Each structure stands twice: as C-alpha cells, then as structure tokens.
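Peer 1: Keeping their order, the protein sequence lines are chains C and G.
Here the first sequence stands for residues 1 to 116, numbered as in the numbering used here.
Here the second sequence stands for residues 117 to 228, numbered as in the numbering used here.
Calculated directly from the structure, the hints in this document are not laboratory data.
Keep in mind the model is a prediction, meaning the values are calculated, not measured.
Glycine included, C-beta positions come from ideal geometry on N, C-alpha and C.
Any given hint could turn out to be false.
Unchecked claim - Restraint ranges, calculated between C-beta atoms of paired labels, are given here:
id: 1; chain 1: G; residue 1: T142; chain 2: C; residue 2: K20; range: 32 to 40 Å
id: 2; chain 1: G; residue 1: D127; chain 2: C; residue 2: P8; range: 34 to 42 Å
id: 3; chain 1: C; residue 1: P8; chain 2: G; residue 2: V208; range: 27 to 35 Å
Residue-level listing of the chains:
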Amino acid sequence: GAVVSQHPSRVICKSGTSVKIECRSLDFQATTMFWYRQFPKKSLMLMATSNEGSKATYEQGVEKDKFLINHASLTLSTLTVTSAHPEDSSFYICSARDAQGATEAFFGQGTRLTVV
Amino acid sequence: DAKTTQPPSMDCAEGRAANLPCNHSTISGNEYVYWYRQIHSQGPQYIIHGLKNNETNEMASLIITEDRKSSTLILPHATLRDTAVYYCIVSVYGGSQGNLIFGKGTKLSVKP
C-alpha cells in the first residue's frame, strides 16, 4: 500500500516550547490529510482535517491556535503543538488519501510526544 | 461518536481463522465499511474495505450482510503477528469528507 511517513517518531520537549511534527506522503499526492491524537489505552481521536492550500478544519474542542496545521504542498502537512504542556503528551498520528482518486486512507507510524 | 459496535476483545488460536464481527445498523447508502488494525504503538494499518459485495485480498476477507447492517472480517489463518486492535469504521469514500472516526475496536489476541 501507499506510504505515509511521520517525523519524528519520538520527541521530548520542555513545557512552554513548541514542537513540529511532519507528515509526508511518499509515493502519492494527498490533497487531504488528517491528524489524530491517541491517549494511552484509548482510541484515535480526530483532531483536524488538513486541506492543501487552505485552512484546516478542526474538530470541536480542539484549539486551532494551539495545534497549528500547515498543508503547503500535496505531499506534506505539519502539525505544530505550541506552548506545549504535560497534558499535551500523547501519540499523534496522521493519515492521507491519494488525490488521484478516492481510495483508502493510509497512516503514518505516529509520533510519541512527551512534554516534561 | 463511532457508528459501529464491536466486541471489546477476542481470542483466537494460532493457525485458526479469526472472525471479527461488527455492527453498523445506521450505515448510509454512500458509506463504505473499512477495517484497520493497530499494533501497539504504531499507526493503524489498512486491511480491507467494501460497500455491498464481499471482498478478499491478501490479508483478509470481508463479509457484508445483504442489509449492510453488519459485517465480519475474516483472517483465514491467524498468526501471532495478527495480535492487534481491529477497528471497523464506516465512512464515505474519499475526499475531505472521508475522515475516519475510530471506535474502541476489538482487541484480538492470537495465542500459540
């Protein structure tokens, strides 16, 4: 299947700092990417839908000023967690769909964020 | 909220078929049934999807009832590496509307 790559896979940062997570579609172009968050022993929760060249759509309860999303090209979306706090520690996962046609979504390997 | 209902856990003996059920009684006519699985601390892996007809690929088979209100994912010969949480999701096909809403899934344990 298609490959979606996330970077970094793990990151530890200090409270108050910002962290950027990258999501790349390696062998296809994605007009739409999705960002999820997963807490321990919980299911994935959709945070936002990232559309290439336009503003992201955030789910209810997700602060758009805290979780900045940029989808500047058809192969890259970034999620920046601003002014991170320990409660932002989580597993962040992106997914992407091929722009060439309606297909299944493929997921990145996830980023484990720990805020200390 | 997720539109599907799955048993929280199931066990399966290695080498036997694993049959994972899913109820989606409120599925709409334009919604597909998707199955993904998540091995611990990894991103979800696509398995299979279908609309009305049964589907089969190298990983699994998907059996959808005629009224489309339920489906079953079949792993024909389960191995220890198939131990994972399996998610059944209904969603429209593609585009920005095609986001996937995850429920709690079924934790499948394949035992030797």
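Peer 1: Evaluate each hint against the coordinates.
Peer 2: So, going through the hints one by one against the coordinates:
A hinted range of 32 to 40 Å for the beta carbons of T142(G) and K20(C) is consistent with their spacing of about 39 Å. Evaluation of the 34 to 42 Å hint for D127(G) and P8(C) yields a pass: the beta carbon distance comes to about 35 Å. A beta carbon spacing of about 32 Å between P8(C) and V208(G) agrees with the range 27 to 35 Å that was offered as a hint.
Hint violations for this structure: none, all hints satisfied.
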